[in-house]
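A.B. asks: Residue numbers (our numbering), protein chains in the order written: chain A, 1114 to 1244; chain B, 1114 to 1244.
If you're looking for bench data, these hints aren't it; they were derived computationally from the structure. Heads up, some of the hints might be wrong.
Same chains, same label: a pair holds when it works inside one copy or across any pair of copies.
[Claimed, not checked] Result set (DSS-like, lysine-lysine): computed pairs, CA atoms no more than 25 Å apart in a straight line:
1. Lys-1240 <-> Lys-1187
2. Lys-1195 <-> Lys-1172
3. Lys-1195 <-> Lys-1231
4. Lys-1187 <-> Lys-1128
5. Lys-1231 <-> Lys-1124
6. Lys-1231 <-> Lys-1128
7. Lys-1151 <-> Lys-1240
8. Lys-1151 <-> Lys-1172
9. Lys-1240 <-> Lys-1124
10. Lys-1231 <-> Lys-1203
11. Lys-1231 <-> Lys-1172
12. Lys-1161 <-> Lys-1231
13. Lys-1203 <-> Lys-1128
14. Lys-1128 <-> Lys-1240
15. Lys-1240 <-> Lys-1195
Number of protein chains: 2
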Amino acid sequence: MDITSWIDSVKFDGKGLVPAVVQDADDGALLMVAYMNKEALTETLQTKRGVFFSRSRNKLWRKGEESGNVQELKSMALDCDKDCVLIKVKQIGGAACHTGRRSCFFHHVQEDGALEIKGEQLFDPQKIYKK
Amino acid sequence: MDITSWIDSVKFDGKGLVPAVVQDADDGALLMVAYMNKEALTETLQTKRGVFFSRSRNKLWRKGEESGNVQELKSMALDCDKDCVLIKVKQIGGAACHTGRRSCFFHHVQEDGALEIKGEQLFDPQKIYKK
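Bound-form chain A, shown alone:
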């Protein structure tokens, strides 16, 4: 059996994608949610790094290919309906979000209906991403 054989059982949506939840393997923090197609799933398994499909750029997105902040794959799981993937990773550089924060989920809903931004910026996006 090939390492990628289970991918045949994944239920991709009409665009060939599944949501992928990325969690810190050490403490379970939710780092980001992105999408994977069959190719991204396969490459994630084969390279042991987080690889996604960018819907905005419409191409494979090897997380960290520009910033160096790759995600080392620790484990992978599929949900009951086989239409959502969980990957647990070690996030190199500490920040998964393109804004420089550890987690993309930094808009915290307050009791009064406001969104409060919490989360230290671990890097300066302008220095990391070149035009």
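Take the given structure of chain A and dock chain B to it, following the hints.
C.D. replies: The following block gives chain B in isolation, referenced to the frame of chain A:
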């Protein structure tokens, strides 16, 4: 400002939905991923319970309305792109998955490409869900 005023900034997809990641508020375990529309987001905030939109049944899904296993809302956050929601909850009954397991993500990818089912069944679905 109304408690739901931030919902106006959420970027729903073409079907009016956003993915909602549900995490255990205590230990960060990923319990499930479902979808919310504007009504589900609003009701989740107002009732302090996890309310989703069922794509298969095409209607609002008040989690636990049949099983009693409701999700008490502890906090809510939005990601950088404002197109994905995180809710942290206390899962009553201990199991979020309709199969009776704590987490929906019980298909664990093995080194040989097989999926191994891990996760104790905390309830018997046939006893909980009536036809």
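A.B. asks: Please name the hints from earlier in the document that this structure breaks, with their numbers sorted from lowest to highest.
C.D. replies: When the structure is compared with the hints, numbers 1, 4, 6, 7, 9, 11, 13 and 14 turn out to be violated.
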